[in-house]
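Asker: Each chain is listed here by its residues.
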Amino acid sequence: MEAKRLITSLFLIIILSLSSVEPTKKIRARNPCKRLVFYFHDILYNGKNAENATSAIVGAPAWGNTTILAGQSHFGNVVVFDDPITLDNNLHSTPVGRAQGFYFYDKKDIFTSWLGFSFVFNSTGHKGSINFAGADPLMNKTRDISVIGGTGDFFMARGIATLMTDAFEGEVYFRLCVDIKLYECW
Amino acid sequence: MEAKRLITSLFLIIILSLSSVEPTKKIRARNPCKRLVFYFHDILYNGKNAENATSAIVGAPAWGNTTILAGQSHFGNVVVFDDPITLDNNLHSTPVGRAQGFYFYDKKDIFTSWLGFSFVFNSTGHKGSINFAGADPLMNKTRDISVIGGTGDFFMARGIATLMTDAFEGEVYFRLCVDIKLYECW
Amino acid sequence: MEAKRLITSLFLIIILSLSSVEPTKKIRARNPCKRLVFYFHDILYNGKNAENATSAIVGAPAWGNTTILAGQSHFGNVVVFDDPITLDNNLHSTPVGRAQGFYFYDKKDIFTSWLGFSFVFNSTGHKGSINFAGADPLMNKTRDISVIGGTGDFFMARGIATLMTDAFEGEVYFRLCVDIKLYECW
Numbered sequence: 020m021e022a023k024r025l026i027t028s029l030f031l032i033i034i035l036s037l038s039s040v041e042p043t044k045k046i047r048a049r050n051p052c053k054r055l056v057f058y059f060h061d062i063l064y065n066g067k068n069a070e071n072a073t074s075a076i077v078g079a080p081a082w083g084n085t086t087i088l089a090g091q092s093h094f095g096n097v098v099v100f101d102d103p104i105t106l107d108n109n110l111h112s113t114p115v116g117r118a119q120g121f122y123f124y125d126k127k128d129i130f131t132s133w134l135g136f137s138f139v140f141n142s143t144g145h146k147g148s149i150n151f152a153g154a155d156p157l158m159n160k161t162r163d164i165s166v167i168g169g170t171g172d173f174f175m176a177r178g179i180a181t182l183m184t185d186a187f188e189g190e191v192y193f194r195l196c197v198d199i200k201l202y203e204c205w
Numbered sequence: 020m021e022a023k024r025l026i027t028s029l030f031l032i033i034i035l036s037l038s039s040v041e042p043t044k045k046i047r048a049r050n051p052c053k054r055l056v057f058y059f060h061d062i063l064y065n066g067k068n069a070e071n072a073t074s075a076i077v078g079a080p081a082w083g084n085t086t087i088l089a090g091q092s093h094f095g096n097v098v099v100f101d102d103p104i105t106l107d108n109n110l111h112s113t114p115v116g117r118a119q120g121f122y123f124y125d126k127k128d129i130f131t132s133w134l135g136f137s138f139v140f141n142s143t144g145h146k147g148s149i150n151f152a153g154a155d156p157l158m159n160k161t162r163d164i165s166v167i168g169g170t171g172d173f174f175m176a177r178g179i180a181t182l183m184t185d186a187f188e189g190e191v192y193f194r195l196c197v198d199i200k201l202y203e204c205w
Numbered sequence: 020m021e022a023k024r025l026i027t028s029l030f031l032i033i034i035l036s037l038s039s040v041e042p043t044k045k046i047r048a049r050n051p052c053k054r055l056v057f058y059f060h061d062i063l064y065n066g067k068n069a070e071n072a073t074s075a076i077v078g079a080p081a082w083g084n085t086t087i088l089a090g091q092s093h094f095g096n097v098v099v100f101d102d103p104i105t106l107d108n109n110l111h112s113t114p115v116g117r118a119q120g121f122y123f124y125d126k127k128d129i130f131t132s133w134l135g136f137s138f139v140f141n142s143t144g145h146k147g148s149i150n151f152a153g154a155d156p157l158m159n160k161t162r163d164i165s166v167i168g169g170t171g172d173f174f175m176a177r178g179i180a181t182l183m184t185d186a187f188e189g190e191v192y193f194r195l196c197v198d199i200k201l202y203e204c205w
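Protein chains in written order, with the working numbering: chain C, 20 to 205; chain H, 20 to 205; chain L, 20 to 205.
There could be a bad hint or two in this list.
Which copy? The list can't say, so a pair holds if one copy fits it or any two copies do.
Stated by the list, open to error - Here are the simulated DSSO-like cross-link-like pairs (lysine-lysine), alpha carbons at most 27 Å apart as the crow flies:
| # | residue 1 | residue 2 |
| --- | --- | --- |
| 1 | 67 | 200 |
| 2 | 146 | 67 |
| 3 | 67 | 160 |
| 4 | 146 | 127 |
| 5 | 200 | 146 |
| 6 | 127 | 160 |
In case anyone wonders, no lab produced these hints; they're calculated from the structure.
With the rest of the complex left out, here is chain C (with noise of 0.2 Å):
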């Protein structure tokens, strides 16, 4: 008798704690289910490198212009990119994909920007789309921004990105390192 009462008191229990209201906060495992790293060199037309150039000035403030960077740490300028993604360092290994997107520089006094762009693979290693979003304050060492979404072998993919600048040659040339968690993985 005893073990019935236990057993539907069991079933009540696991009613309850299976019902289909989510509970409004949880805890949840801070550990990424898919981690990658990759690459990505911009090379900004300036006039003159129209050949190898990767990105262009495509906004621009009032005093300002879309063939150089302005004055006021280049506040307003806004930039469109497609530029090679690789797995190391070297602007020249084989690129495994494009980062496409663009960003601006969101800041009078000092380097701040703010990015809208997507990873876009289609190789052997990968099939589909990361897309990122939002700002990047670019002196500090690392910046962490959203990944918002993905497709293909990333489908409805959520996570932080950490942007760290591996490299950057005055006002053409800067490579950075993104380093991809996703926690939400289907």
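With chain C held as given, fit chains H and L onto it using these hints.
Answerer: Relative to chain C, chains H and L alone:
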């Protein structure tokens, strides 16, 4: 006595299984919880069609301008749009909402773009918005972008939208079919 | 014997219920797991206020320029901003963070915009960022946009932000109240 021991171990299993730490990796169902298909129509301002135009070039690279799409696969042209959404592929059907956002061309040697936009609904059928972002390699027959959020009827939505170019006429008109598959519905 | 059979069937129910395939459709609680209210202040550069301006026009349609907002409801103007965030509606209160991003006007016959931006915090109160995107039909009293991600204290956040225009002065200053409701907290 055996029953009691079994129940006790059962209890332990349940408690462990239901602990609030979510597993890092889940296999999740890939059936959409909502699916919607729409068309939207983009008529680009070209200096002569101010009356009908639904979009305009607002950014251009150094070698371009804001009236005519630039050479090099329109690389660097930024377009802002407010396009009618229809249920069928007829531009003159009664719009059910507006597609509002921007796109830019981001590659020199082939037509490729990147999109950030919203579907804004305020009709008897739907109220609310769906937000999208992603790369659009528009020469491909189908392209997947991310549904990054939603409001109103589409509260907290996430998913994938498959874009298909349904028609295009020169550099003035194109029509996209958008097959929206939501995998997170609230 | 009966107890044993009950326990066996119980086991089966548990195993089935806890299988790792999530149901496609869930009813989820719509109570925010975190709620935050902030104000941010936008002072648009107009050719005379370089000292105070926090934003600048960086894109314009063919009929506009980057010093004065264009006619036709500013359609096509793109603005980049780095605005102070305050806890109350006083522009001169100590900022608790920066709102950094861009907006553009996207409709010819009424004021409507689209926003992509981040709240960037680095104070004792909050560290990290919240990323936003969505349509802002700014003539409406309240407008909902999406919280598409977060970092630091707002790791992996998702939710809705309700925007309210708290003040605007001609075409130079506006203040938005942002009521952030997070429904996914990690």
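Asker: Evaluate each hint against the coordinates.
Answerer: Hint check:
For the homomeric pair residue 67 and residue 200, neither the shortest alpha-carbon distance inside one copy (38 Å) nor that between copies (45 Å) is at most 27 Å. Taking identical chains as interchangeable, the C-alpha atoms of residue 146 and residue 67 are never at most 27 Å apart, the minima being 34 Å within one chain and 42 Å between chains. When the C-alpha separation of residue 67 and residue 160 is checked against a cutoff of 27 Å, the pair qualifies neither within a copy, at 30 Å, nor between copies, at 36 Å. Taking CA atoms no more than 27 Å apart as the test, residue 146 paired with residue 127 passes between copies only; the shortest distance there is 22 Å, against 39 Å inside one copy.
When the C-alpha separation of residue 200 and residue 146 is checked against a cutoff of 27 Å, the pair qualifies both within a copy, at 18 Å, and between copies, at 19 Å. In the homo-oligomer, the alpha carbons of residue 127 and residue 160 lie at most 27 Å apart inside one protomer (20 Å), although the nearest pairing across protomers, at 31 Å, exceeds that limit.
Violated hints, listed in ascending order, are 1, 2, 3; each of the other numbered hints is respected by the structure.
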